[in-house]
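A.B. asks: As a plain string of letters, each chain reads:
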Amino acid sequence: MAICAPLLDLSPDRVDLTAILAPPGELTLLGNDDLGRPVLDRLLAGARTSLLVGFGVVAVSASLGTLIGALSGFVGGWLDLLIVRVLDLFMAFPGILLAIALAGVMGPGIENVIVALTVVGWVGYARLARAQVLTLVHRDHVAAARALGCSGGAILLRHLIPLTIAPLMVEATFAVSGVVVAEASLSFLGLGVQPPDASWGNMVRDGVSYLLVAPHLVVAPGLAILCVVLSVNLLGDALRDRLDVRSRRS
Amino acid sequence: MTEPLLQVEGLITELGETARPLRVVDGLDLTIRSGETFALLGESGCGKSMAALSLMRLLPPGGRILSGRVRLGGTDLLHLTEAEMRSVRGGRMAMIFQEPQTSLNPVLSVGVQIAEALHVHGEGSDGRNRRRVVELLRAVGIPDPEQRADEYPHQLSGGMKQRVMIAMALAGDPGLLIADEPTTALDVTIQAQVLSLLGDLRRETGMAVLLITHDLGVVAETADRLAVMYAGQIVETATVSEFFAGPAHPYGRMLMESLPSAEKRRGRLATIPGRVPPLDRVFSGCRFADRCASVMPLCRERIPEWIGLGAGRGVRCHLWSEGEASHPGPARNAAEPESGASERPSGSVGEIGSPLLKAVDLKVHFPIQRGLFRRVVGHVRAVDGVSLDLSLGRTLALVGESGCGKTTVGKAILQLIAPTSGQVLYLGRNLAGLGHRAMRPYRKDLQIVFQDPYASMNPRMLVGDVVGEGLQALGIEWTRAVRERRVADLLELVGMDPESARRYPHEFSGGQRQRICIARALAVEPRIIVCDEPTSALDVSVQAQILNLLKDLQSRLGLAYLFITHNISVVSYLAHEVAVMYLGRVVERGGVEEILTDPRHPYTRALLSAVPVVDPEKRRVVIRLEGDMPSPSNPPRGCHFHPRCPEATSRCSEGYPPEVRLGASRYVSCLHLD
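As you go down the protein sequences, you meet chains A and B in turn. Reminder that position 51 of the first sequence reads as 51 in my numbering, one-by-one numbering, no gaps. Reminder that position 232 of the second sequence reads as 232 in my numbering, one-by-one numbering, no gaps.
Do not rely on the hints blindly, as some may be mistaken.
[Unchecked claim] Okay, the calculated bits of chain A under chain B, using three or more residues with CB under 8 Å as the criterion:
1) 138–150
2) 159–173
[Unchecked claim] The list that follows gives simulated cross-link-like pairs (lysine to any residue, SDA-like), each with its CA atoms no further than 25 Å apart:
3) K618/B - E654/B
4) K363/B - H138/A
5) K444/B - G153/A
6) K618/B - R637/B
[To be verified] Here are the in silico distance ranges between beta carbons for each label pair:
7) D497/B - F174/A: 40 to 50 Å
8) F188/A - Q101/B: 47 to 57 Å
9) V170/A - S665/B: 50 to 60 Å
10) R85/A - G16/B: 17 to 27 Å
11) V86/A - S509/B: 31 to 41 Å
12) G222/A - R370/B: 45 to 55 Å
FYI, nobody ran anything at the bench for these hints, they're computed from the structure. Note that the Cβ used here is the ideal one computed from N, Cα and C, for glycine as well.
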């Protein structure tokens, strides 16, 4: 639905002052917002931004974090010490604050939101991947690979990272929802998606002030976020089961 | 004849869902008299632990007892309420487990844990309990029981912990002690201590011991009577002397024949093909029929009845049924035809016995770091000056107890752990200190097989990729098609179906996985394979398959093995030379015959005497070593062994004894060699 949004004849930005705060079903399927814009249209248009930011940030930060963390755990020594200190530094800083500062410096826009949230997001994956690799690196199969003459990179990519995927996958699926909400926060502060462009986050934020008179403004995007989170989690579960050769074949 | 203490009749236990249950114990009949040691013998998956847990009514969730009677003294345990059963457990019937580490609570002192057992069984005041705790600890042979009672489990060694478990079991003054693999996790010298302790306690208190084990040697040395269990059923009961004189059931016979020993060196070991059948099916014939060497058509058609052979002996086998009774105990030798051992590899690789690899004064020290700045406060001297020689087509066995550094030697030779000092000379070139890149050309010639075959394979890779990995990594074979053909050949070589290349490691049994690991090591055509306890995680019959395979490969390919093990019978079967390690150093090395028949170092003597032997004529007087191996971070001054050595004199603590040459290749580090 989000993908074919541009193909549908949507008018998310059409202001209709006669339809301000119209409840669902009266004029449009999901009602209209405080400026009389149709909620359904905005919801579909906003899905594009929200999902782009959500999946984009998670994909980039998860792969970056995994690589850095795994490398740190595998190589050890001073590199590990350095990376762990950097991780501690990021962890000590409230993430959303850092993202706000970064987005503020770089200026508003979807790309900058993605960059800002990625900078904050990779730390968790790096920690998890490092911890996983540390438990795996002393397994005999790594020693066997080394005895067979595999290079360090091959061991990392073939023998370590594939075995760390399962917990990272769980972490990533949970993070998608977090990022959608974080994007909403940035948008609310005027640092993310700029009005009049729609995103689920700014729709919720805008709707909060009319919560009592027109609850559909919050409920519709809220339910959308809920559905995405739920389906991404189910997807993550299924993906983990599928990736695990043990449960697939036995 | 003494009154039976425990009588079990027709016990049936199931596990798992009711729709597809696993019948883990199927019609168990047992009689144990007070004061005797009764052994329940069988391979893993035979249901012997489940039988014991059923007696205690301690089955895991999903387990249930369907029918049967368990009479202890005069009471039927299966009809007791849970509350009544609790007073029986630990009271009239106690149990000790394989892993003393996980059976003790790490945050309570051992004294408190024993006192708890006393308290539960209604002993009196705290003061009296304390006295009784000390008494019990003294009874199980723990030195300084007053102080030890206040220590925590992590302060005690494995053998000590098992003693504490026994003390806890004794707290309720049990009539029957169930010991589930009590010594499997322990070293041989410690095993000898624990077994003799169990024997002494049995004599003093008159309790009966139900010993559950897979180790024929342990049974032969400690038990009075035994039952052999196979696939949930008892297939044979006999007295120990009758059984070891000639087992009635083919399974028992094949188990005996698959034990490695010095006499079987010339030939191959008998193996039991296949594995224990899954227990979720209904059997229409003998459960052992598919693996039996003496199988008859009748075996597959009719379930064999229990046949009494008089005086407590019985067997479940058609060979003994009436039609066959005229020639019972078929002398059919299940051993495979003798071959292979006399074969010699082609001379192209060089002369058998020509030197290949030499380790000179190899040392591996691990720093102990403390504090904020990771100050080095000491070293664990895992390997402290080991010298070894490996020759073409020969096997050097590196023997020692856990913690003596034998695995570290293996890894240091392959440069998987960087040696602190010393040399590893492979064909004259020093490998020690070579970096990852510089080492690569030699990787092809030096390979390793690990103890746990599952942990040593990437569970996400197909078997074909596992085996072919070396070919790819060392750039021997880049094209996929050729590599796949090579992998198929290799799998065939180790006795596996080439089709298995398209499956994952977890789909195979332990023995098959170890074959895959051997195939992987062979893929790069190595000349030396370090075998790090390759059979100690396997059952006896599977161990025989792997040992046969290793021996065949050696004679066909002229491989040299560094065989790291604690199992002396494997050494006597496979090795040409032996090096005995104690606390990071080799105390004695030489030819296998000289060392096993005429050990000169007191430690070698104690180690060999502690090994349980099946043949009563070959049994030696066990030299009991007191205490445990000291920590390698703080070895004793002088000879490392002198605090435990029965022959130590004051001279032994003055300095480490130099290596004395006794023969062409015989070296011993001891001051008392007269």
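A.B. asks: Evaluate each hint against the coordinates.
C.D. replies: Outcome of the hint check:
1. 138–150: holds (count 11)
2. 159–173: holds (count 3)
3. K618/B - E654/B: violated (37 Å)
4. K363/B - H138/A: Holds, at roughly 21 Å.
5. K444/B - G153/A: With a Cα-Cα distance of about 19 Å, the restraint between K444/B and G153/A holds, given a limit of 25 Å.
6. K618/B - R637/B: violated (36 Å)
7. D497/B - F174/A: 40 to 50 Å: For F174/A against D497/B, whose Cβ atoms are near 43 Å apart, the range 40 to 50 Å holds.
8. F188/A - Q101/B: 47 to 57 Å: Taking Cβ atoms as reference, F188/A and Q101/B lie about 55 Å apart, which means the hint holds.
9. V170/A - S665/B: 50 to 60 Å: Once the Cβ atoms are compared, 58 Å apart, the range 50 to 60 Å for S665/B and V170/A holds.
10. R85/A - G16/B: 17 to 27 Å: With Cβ atoms ~50 Å apart, the hint is violated.
11. V86/A - S509/B: 31 to 41 Å: violated (46 Å)
12. G222/A - R370/B: 45 to 55 Å: Since the Cβ atoms of G222/A and R370/B sit about 54 Å apart, the hinted range of 45 to 55 Å holds.
The structure does not agree with the numbered hints 3, 6, 10 and 11 stated previously, though it agrees with the rest.
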